[in-house]
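Peer 1: Here are the chains, one letter per residue:
Protein chains: 2
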Amino acid sequence: MKLSHRAETVQASPIRKLKPFADAALARGIRIYQLNIGQPDIETPREMLDVYANFQEKVLAYGPSQGLDEYRTHLVRYYARHNISINRDDIVVTTAGSEAIVFAMLVTCNPGDEIIIPEPFYTNYNGFATMTGVKIVPLTTYAENGFKLPADDKISALITERTRAILLCNPGNPTGAVYHRSDLERMAALARQHDLYIITDEVYREFIYDGLTHTSILHLPDLADRAIMVDSISKRYSACGARIGCLISRNPALIATVIKFAQARLCPPTLDQLAAKAAIDIEGKYFDRILQEYDKRRNIVYEELQKIDDIICVKPEGAFYIIAKLPIEDADDFAVWLLSNFSRDNETVMVAPAQGFYATPGLGKNEIRLAYVLNEQSLRKAMKLFREGLAEYLNQK
Amino acid sequence: MKLSHRAETVQASPIRKLKPFADAALARGIRIYQLNIGQPDIETPREMLDVYANFQEKVLAYGPSQGLDEYRTHLVRYYARHNISINRDDIVVTTAGSEAIVFAMLVTCNPGDEIIIPEPFYTNYNGFATMTGVKIVPLTTYAENGFKLPADDKISALITERTRAILLCNPGNPTGAVYHRSDLERMAALARQHDLYIITDEVYREFIYDGLTHTSILHLPDLADRAIMVDSISKRYSACGARIGCLISRNPALIATVIKFAQARLCPPTLDQLAAKAAIDIEGKYFDRILQEYDKRRNIVYEELQKIDDIICVKPEGAFYIIAKLPIEDADDFAVWLLSNFSRDNETVMVAPAQGFYATPGLGKNEIRLAYVLNEQSLRKAMKLFREGLAEYLNQK
Chain A
1 MKLSHRAETV QASPIRKLKP FADAALARGI RIYQLNIGQP DIETPREMLD VYANFQEKVL
61 AYGPSQGLDE YRTHLVRYYA RHNISINRDD IVVTTAGSEA IVFAMLVTCN PGDEIIIPEP
121 FYTNYNGFAT MTGVKIVPLT TYAENGFKLP ADDKISALIT ERTRAILLCN PGNPTGAVYH
181 RSDLERMAAL ARQHDLYIIT DEVYREFIYD GLTHTSILHL PDLADRAIMV DSISKRYSAC
241 GARIGCLISR NPALIATVIK FAQARLCPPT LDQLAAKAAI DIEGKYFDRI LQEYDKRRNI
301 VYEELQKIDD IICVKPEGAF YIIAKLPIED ADDFAVWLLS NFSRDNETVM VAPAQGFYAT
361 PGLGKNEIRL AYVLNEQSLR KAMKLFREGL AEYLNQK
Chain B
1 MKLSHRAETV QASPIRKLKP FADAALARGI RIYQLNIGQP DIETPREMLD VYANFQEKVL
61 AYGPSQGLDE YRTHLVRYYA RHNISINRDD IVVTTAGSEA IVFAMLVTCN PGDEIIIPEP
121 FYTNYNGFAT MTGVKIVPLT TYAENGFKLP ADDKISALIT ERTRAILLCN PGNPTGAVYH
181 RSDLERMAAL ARQHDLYIIT DEVYREFIYD GLTHTSILHL PDLADRAIMV DSISKRYSAC
241 GARIGCLISR NPALIATVIK FAQARLCPPT LDQLAAKAAI DIEGKYFDRI LQEYDKRRNI
301 VYEELQKIDD IICVKPEGAF YIIAKLPIED ADDFAVWLLS NFSRDNETVM VAPAQGFYAT
361 PGLGKNEIRL AYVLNEQSLR KAMKLFREGL AEYLNQK
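Here the protein sequences line up with chains A and B, keeping their order. Residue 1 is where the first sequence starts when you use this note's numbering, and the numbers rise one by one after that. Residue 1 is where the second sequence starts when you use this note's numbering, and the numbers rise one by one after that.
Chain A on its own, in the form it takes in the complex (with noise of 0.2 Å):
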């Protein structure tokens, strides 16, 4: 029977592909160290999952379709602590992030629509956008300067009468790019220009490196009607798990509105609030330690990297991915061959082809993305395995 068409043209997950490679290599006794996804190895804080242990209400009910008041008050200690003022009733819990950016899509576009996102982008915004009929036009950034945004001549050049919003990841994944304030400001400026909203990702707000501080969307003047921003607790907390996130806009009518949307599926998950709500009591403590942990990680992938030849990458601020653009033709080639071609005592390593994060059809094709959530032994040993294996096959090419 037939489909609709945009189930016939909703993009399959470009990581996924890899998949049956990874289980034939599993099923030959290959040890495989995994860089291509973004699942910390970091401990849940222990006071999150003894939550869970403590629950003592006998129905586990539903909440509210906002999500429960004494989460949202508790994020509003949370935002406060990062200097960013808002209210709770500015906060809408949602079902993580993902869920968040489908609300700031369904409230912002119609079907048809426009959004520009700087690309490489977190690839699942391809979904998001395909359920909710919006097209993404991406704005090219590059590997040999850090991905910088473009000028504003470049930006200006995509905007036409359907583009309703700019959506920036910061930090980003998959770049680990940092906008600073100034970037800010200046898309601030060409949204007030061009009466467009910006949406900002800002899931990896803490994991910004060299002592810079984050700037949220949030921290801007004058821009409460247009600003909505999504986040997620899943990296914060590696509480990937619980799946809860928000968004925050300091538009009353746009909350009202992404109500109605959440007032639909009722509520998220009541537990998981709670949980998450307990992490915010203890998260100064618990951060700190988690930040020099991946500060370190951040530093064996890129010096282990620089020890490549002709391969182009800039050290970059946040999150924790990073890109390079490597001297062959064909990564996801490469990233099949590691998994099917090449081990070294009985161990290989696999890596996200960066091609499924542009939108632009050929970039990213010699591009890798790696994810640093490995220990540090681990790790040591993935980037060995990693710099062995692009040996081996650029000398048998």
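If you're looking for bench data, these hints aren't it; they were derived computationally from the structure. Computed from a prediction, not measured in an experiment: that's the story for all the values here. Every residue gets a Cβ at the ideal spot worked out from N, C-alpha and C, and that includes glycine.
Footprint (simulated), chain A over chain B, 3 or more residues, beta carbon under 8 Å:
| id | region |
| --- | --- |
| 1 | 50-60 |
| 2 | 119-129 |
If you anchor each label on the Cβ, the simulated ranges turn out as follows:
| id | chain 1 | residue 1 | chain 2 | residue 2 | range |
| --- | --- | --- | --- | --- | --- |
| 3 | A | G112 | B | P361 | 26 to 34 Å |
| 4 | B | T9 | A | R387 | 51 to 59 Å |
| 5 | A | D50 | B | H82 | 33 to 41 Å |
Dock chain B against the given chain A, drawing on the hints supplied.
Peer 2: For chain B alone, coordinates are given in the frame of chain A:
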């Protein structure tokens, strides 16, 4: 700033309209018996809550987009008990039944395509239709005959070239109506004749009385291509806050596409799936008792309603709702009046006006939905208040 057209048109929860009046009543010190919402008071099985308490992993990680293998394996066993023979690969675990409905709409319909749904229907279908750009075409059913499905010609008359599916909620929220095997066979014949999908929302499967057995769309032969079943654990295990549902189809191409949409949002909540798995193990002994309890409540509500002159209401065979047509003009006005102008010993009752469950303007204006989700003592009290309130309301008009 301008919001999208769909943002401006998405339906606010019709039940939410009453909240300010309920809040005001609470502020005056009035106790409210809530017959307006489907939040059961039944305890969540201890065995489910124990899963949260005994979680031993150190990282609360992502699960697979399709759902945890171990949970889907258990679901196969659950459905086998209901004589529904499926494979693990036929199942996509979703974030509650809500997401399953959205996925079903996305894969069957393009924006502007139509789904026929018997009205009155679960009001949140409207929100999902707005999200996905689907047009709901209501097939009116009537309180007078217990909301039975109309004759074929009434249904055929609604089918256009944009019709893609018939959606049936069985047993029905808000009607409590049960579609029997002969009903489903009739719908299946229509679906084959007009090349339509049949989507069934079977979240109340077990809530079926008078010794009847439930017929699932998956019981019917030769529908593998076109049958899509949507399910949820929320009511079954009184675990509304857990947000676990699923979509099931024996059409592999359809499931492959649902998985692509599911990949965009990564995964449903991890711990909630493990809890849902535990519920399957204990279900038989848990549910028998629950069903007796709900049957008792159904009888109380129905008998109390029968004491009212000029009421129209057929005893429902399933779910835990009942719709009654009252000898009044405007159920909205009556519901507000109960909260604002009526009380006995500082107590009143809250009901859901049924108009919000109809898509055809003007229908349901003198109907209310009652959810019998209170224990016997509270329910008897609530129904007494309801009868006395109605008498006083009629008297003072």
